[in-house]
Amino acid sequence: MKLKLKIWKQKNAKSDGAFETYDLDGVAPEMSFVEMLALLNQTLAQQGREPVAFDHDCHEGICGSCGMYINGYPHGLVKGLTTCLLSMRHFKDGETIVIEPWRAKPFPVVKDLIVDRSALDKIQVAGGFISVTTGAAADANAVLVSKKKSDLAFDSAVCIGCGACVAACKNASAMLFVSAKISQYALLPQGRPEAKERVRAMIAEMDKQAFGSCSNTGACEAQCPKQIKLFNIARLNREYYKSY
Amino acid sequence: MITLNSKIPEGPLEEKWTRYKKEAKLVNPANKKKLDIIVVGTGISGAPAASSLGELGYNVKVFCYQDTPRRAHSVAAQGGINAAKNYKNDGDSVYRLFYDVIKGGDFRAREANVYRIAEVSNQIIDHFTAIGVPFAREYGGTLTTRSFGGVQVSRTFYSSGQTGQQVLLGAYSSLNRQIKAGTVTMFPRREMLDLVVIDGKARGIIVRNLITGEIERHSAHAVVLATGGYGTIYYLSTLAVNSNASAAWKAYKRGAAFANPSFVQIHPSSVPQMNEFQSKLTLMSESLRNDGRVWVPKAKGDKRPANEIPEEERDYYLERRYPAFGNLVPRDVASRAAKERCDAGYGVGPTGLAVNLDFRDAIKKQGKKAIEEKYGNLFEMYKDITGIDSYVEPMRIYPAGHYTMGGLWVDYELMTTITGLFAIGEANFSDHGANRLGASSLMQGAGDGYFILPYTISNYLAPEIKVPRIKTDTPEFQEAEERAVERINRLLSVKGKQTATDFHKRLGKIMWDHCGMTRTEAGLTEALKLIGELREEFWKDLLVPGSADELNQELEKAGRVADFLELGELMVTDALNRRESCGAHFREESQTPDHEALRNDDKFAYVAAWEYNNDQPPVLHREDLKFEFVELKQRSYK
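These protein sequences, in sequence, are chains A and B. Per our numbering, the first sequence starts with residue 1, numbered consecutively. Per our numbering, the second sequence starts with residue 1, numbered consecutively.
Worth flagging that the hints you see were computed from the coordinates, not collected in a lab. Keep in mind the model is a prediction, meaning the values are calculated, not measured. All residues carry an ideal CB built from backbone N, CA and C; glycine is no exception. Misleading hints may appear alongside valid ones.
[As the list claims (entries may be wrong)] Only pairs whose alpha carbons sit at most 25 Å apart, straight line, appear in this in silico PhoX-like list of lysine-lysine:
#	chain 1	residue 1	chain 2	residue 2
1	A	Lys149	B	Lys368
2	B	Lys368	A	Lys79
3	B	Lys368	A	Lys147
4	B	Lys466	B	Lys32
5	A	Lys208	B	Lys466
6	A	Lys11	B	Lys557
7	A	Lys147	B	Lys88
8	A	Lys149	B	Lys88
9	A	Lys149	B	Lys85
10	A	Lys196	B	Lys180
11	A	Lys149	B	Lys369
12	B	Lys298	B	Lys364
13	B	Lys88	A	Lys148
14	A	Lys79	B	Lys298
15	B	Lys32	A	Lys148
16	A	Lys122	B	Lys88
17	B	Lys33	A	Lys122
18	A	Lys148	B	Lys557
19	A	Lys147	B	Lys298
20	A	Lys147	B	Lys85
21	B	Lys16	A	Lys229
22	B	Lys368	A	Lys148
23	A	Lys148	B	Lys369
24	A	Lys105	B	Lys180
25	B	Lys557	A	Lys9
[To be verified] Residues of chain A clear of chain B, computed beta-carbon distances all greater than 10 Å:
#	residue
26	Leu5
27	Ile7
28	Trp8
29	Phe19
30	Lys92
31	Asp93
32	Arg103
33	Lys105
34	Asn216
35	Ala222
36	Phe231
37	Ala234
[Stated by the list, open to error] Sample of chain B residues facing chain A (criterion: CB under 8 Å; computed from the structure):
#	residue
38	Asp67
39	Ser173
40	Asn176
Bound conformation, chain A alone:
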């Protein structure tokens, strides 16, 4: 396949960026989106031109490194996939593809398609943990947890921290991201002792990092590559009210 790629190029956080257009030939339909970009970079490097910087690592949809708008949609329009698993089968020969970094105030551009997502880590540092010191745990079966609740906690815990939910939200809200962690711990008896402190601390940090408010449009859920559900946000709100 032949493609026209319009890609955001930006030297660093301080400089202005702009779209640059590249023609790319030899794209195979079984390539993944990041393999297609790697092919572009290989071609550019051989021509002595500067490659496009982008984050990618595991290539199996689990590390959360990759992430970019593909034709305006975080990770592209195919449901439940990260950029690294998005197959080029979903694109047509001759198509123009527009590729941009996440656009959100808390995610400043580092270079080209790479953004700084450390604001997400800061929220986790504020309270995304259960305070059990190594060595202090009782036998794993000492506390029984219903399979249903445990499975629900797992469904929330699969968040990969890619930031697509923030990028999809018109308010750049991180509510789905925060609610996934809050839900995981709220559903498990192990997480209950610190539930109040946790939800307040994480919400306070989220606000401090200048993420926007949630207006319940559901764009985050629609674009989440791990298909984390909106009802986690309802649970987050409930946990937050309960904490006062």
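Here the structure of chain A is known, so what remains is to put chain B in place on it, guided by the hints.
Relative to the frame of chain A, chain B by itself:
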């Protein structure tokens, strides 16, 4: 010249670790905060080590190349984590876990280390559960387990097909708790370029800030490498594409012996290669072999779609060759068996380099829902990549480079041959011998980090309390920084025509062809020559665009490939030296009449630890393996 002293405590196997802990020196809580520890890597050994050392009160500095510690490649481990809980009442015990790992590793690991990891395995599960890791459960609310290759009990705890993610995020949460408490400082997007050794002790590291390109000096009283394995040397592997050997390799060049570098696990089930642009081979968890049956057609070159081949024309070759373990033989055995069938012309798929992994019978027996619950995400991932629905037709799988049993040589305290430099998790060589059993890597990584290193490092640091904070303006730091800068400049100044990726692909092919699933004297000798030539070409024709003082991913890759070009040679040298087959190291010259690995215990029951010798060939040091508690036997899974 280094000397190997494994420092294994005296006494019966069951008492060694208890005895060690009883005698190990401690550091007073008030003194701990005066001691700095550097941890490089935030995977399933680094994050546990950093958080538990932080909990103890040490001042910990943690480094990773990713933008956040949560992305370390342990996140991609799928199947599970082993422990000797015996929750299934199926005859498991610490001893049995120990024995399975020793046997699975084909009797090339240290008894004392393996027994210790089996001993702490239960605590790991307790700890992860307490910090909110959602392991799979039974309806009654207890934890459940499943089976893995090379064992006959069910001892693998799991979270669907993404156990690595769940335990890694658990460890990441503990790390975050310590970052908040102020005991741990996190330095993401840093790549270690060198180790600083002062008066014979590891005292710091040189890193490159991958955003700005700045070279930084960081000092500590002790340095811990938790930097993973070197499976990406094959270019196509199941690893994250940025995984690399550079930190361990720099330590080797500073005097840390590298043990058993040729022991590489080729995982039997990955999605086969589809085209030349492919950047990695995606793993399909071994747990799938609990329910999936492996087969190829009985007729050579049978190109019919799998579902049209009737039962009697299918060769379930693992069940045929290994009736006792069937589809759950260890990885090295399963990989070689797949290669044997494909090389003989029975492979399936467009390239003929694949075998079927079929869930038809399991779905018939248990229902689609049960299979979906156990492996849902794996089936989805397989479909995303190949477009094939494995609920309807078999998966096609083929072996791929996966895990490295070899690594930095460490003694019982997990210290390398450089005083004060520790190596944990996949970065060391310690527990898996010549082949690792499935679901043992998370166990070993977390065990090293949570429950072993905190004791052994304290024993080392106790006399260090008199040493003030290490300064970074010493000649040793200066020399190491200059060396790192000089190397970067050298990479940038070649200005040739081929990218780092071009060279990486070629090196990968040499390694896969000659130092992969099977090895021969002639092939290895050829590989030595080819690697030497390729390395020469690399330094004459490498192309790295951009500069050093900016985010430059091509420069990062070039540095890693340059190190792989040296490591490859050491792997081949080690494989040549070991004229026996054991576990994953299969020398064609040494096999039983039915093509199983044939060990030579008289000559090779040792750990091969290689010492760097500048431009001269590396020096081999042998650590003889003494088996006092188990009997050396020909491994059999029949």
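Verification of the hints:
The straight-line distance between the Cα atoms of Lys149 of chain A and Lys368 of chain B is roughly 22 Å, inside the 25 Å bound, and the hint therefore holds. Our distance criterion of 25 Å between C-alpha atoms is met by Lys368 of chain B and Lys79 of chain A, whose separation comes to about 22 Å. Proximity of Lys368 of chain B to Lys147 of chain A is assessed by CA-CA distance (about 19 Å); at most 25 Å being required, the pair is judged to hold. The straight-line distance between the Cα atoms of Lys466 of chain B and Lys32 of chain B is roughly 11 Å, inside the 25 Å bound, and the hint therefore holds.
Pair hint Lys208 of chain A plus Lys466 of chain B does not hold up; C-alpha atoms about 42 Å apart against a cutoff of 25 Å. Using a Cα cut-off of 25 Å, the hinted pair Lys11 of chain A and Lys557 of chain B holds, with the two alpha carbons roughly 20 Å apart. With a C-alpha separation of about 17 Å, the suggested pair Lys147 of chain A and Lys88 of chain B falls inside the 25 Å cut-off, and the hint holds. For the given pair, Lys149 of chain A sits about 22 Å from Lys88 of chain B by alpha-carbon distance, which is consistent with the 25 Å threshold.
A hinted pair counts as satisfied when its Cα atoms are at most 25 Å apart, and Lys149 of chain A with Lys85 of chain B qualifies at roughly 23 Å. Of the pairs offered as hints, the one joining Lys196 of chain A and Lys180 of chain B holds, with about 17 Å between alpha carbons and a cut-off of 25 Å not exceeded. Distance hint between Lys149 of chain A and Lys369 of chain B is fulfilled; the C-alpha atoms sit about 18 Å from each other, no more than 25 Å. A distance of roughly 23 Å separates the Cα atoms of Lys298 of chain B and Lys364 of chain B; the hinted pair therefore holds under the 25 Å criterion.
Straight-line distance between C-alpha atoms of Lys88 of chain B and Lys148 of chain A comes to about 21 Å, which keeps the hinted pair within the 25 Å bound. Under the criterion of a C-alpha separation no larger than 25 Å, the hint pairing Lys79 of chain A with Lys298 of chain B is inconsistent with the structure, at around 40 Å. Between the alpha carbons of Lys32 of chain B and Lys148 of chain A the distance comes to roughly 43 Å, so the proposed pair goes past 25 Å and is violated. With a C-alpha separation of about 40 Å, the suggested pairing of Lys122 of chain A with Lys88 of chain B is violated against the 25 Å cut-off.
The hinted pair formed by Lys33 of chain B and Lys122 of chain A meets the criterion: a straight-line CA distance of about 24 Å does not exceed 25 Å. Restraint check for Lys148 of chain A and Lys557 of chain B: not satisfied, since their Cα atoms lie roughly 45 Å apart, outside the 25 Å limit. In summary, the hint linking Lys147 of chain A to Lys298 of chain B is not supported, as the alpha carbons are separated by about 43 Å, beyond the 25 Å threshold. Between Lys147 of chain A and Lys85 of chain B the alpha-carbon distance is near 19 Å, which keeps this suggested pair within the 25 Å criterion.
Restraint check for Lys16 of chain B and Lys229 of chain A: the C-alpha separation of about 49 Å exceeds 25 Å, so the hint is violated. Of the pairs offered as hints, the one joining Lys368 of chain B and Lys148 of chain A holds, with about 19 Å between alpha carbons and a cut-off of 25 Å not exceeded. This hinted pair checks out: Lys148 of chain A and Lys369 of chain B have alpha carbons roughly 15 Å apart, not beyond 25 Å. About 24 Å separates the Cα atoms of Lys105 of chain A and Lys180 of chain B, which keeps this hinted pair within 25 Å; it holds.
Restraint check for Lys557 of chain B and Lys9 of chain A: the C-alpha separation of about 21 Å stays at or below 25 Å, so the hint holds. A cut-off of 10 Å between C-beta atoms confirms that Leu5 of chain A is not in contact with chain B; the least separation is 16 Å. The Cβ of Ile7 of chain A sits about 15 Å from the closest Cβ of chain B, beyond the 10 Å cut-off, so the non-interface label holds. Under the 10 Å C-beta cut-off, the non-interface status given to Trp8 of chain A relative to chain B holds; the minimum distance is some 15 Å.
No beta-carbon of chain B comes within 10 Å of the beta-carbon of Phe19 of chain A; the shortest separation is about 19 Å. Non-interface status of Lys92 of chain A relative to chain B is upheld: no Cβ of that chain comes within 10 Å, the nearest being about 16 Å off. Look at Asp93 of chain A: its CB is around 17 Å from the nearest CB on chain B, clear of 10 Å, so calling it non-interface holds up. The beta carbon of Arg103 of chain A sits about 17 Å from the closest Cβ of chain B, which is more than 10 Å, so the claim that it is off the interface holds.
Every Cβ of chain B is farther than 10 Å from the Cβ of Lys105 of chain A; the closest lies at roughly 18 Å, confirming the non-interface assignment. Separation of Asn216 of chain A from chain B is adequate, the least Cβ-Cβ distance of about 27 Å exceeding the 10 Å criterion. Taking the minimum C-beta to C-beta distance to chain B, about 18 Å, the non-interface status of Ala222 of chain A holds against the 10 Å cut. With 10 Å as the threshold on Cβ separation, the claim that Phe231 of chain A sits away from chain B holds: the shortest Cβ distance comes to roughly 17 Å.
Chain B leaves Ala234 of chain A outside its interface by the beta-carbon criterion, the shortest separation being 20 Å against a cut-off of 10 Å. Look at Asp67 of chain B: its Cβ gets to within about 6 Å of chain A, closer than 8 Å, so that hint holds up. Evaluation of the Ser173 of chain B hint against chain A yields a held restraint, the C-beta minimum of about 4 Å falling below 8 Å. Below 8 Å, beta-carbon pairs count as interface contacts, and Asn176 of chain B has one with chain A at about 5 Å; its hint therefore holds.
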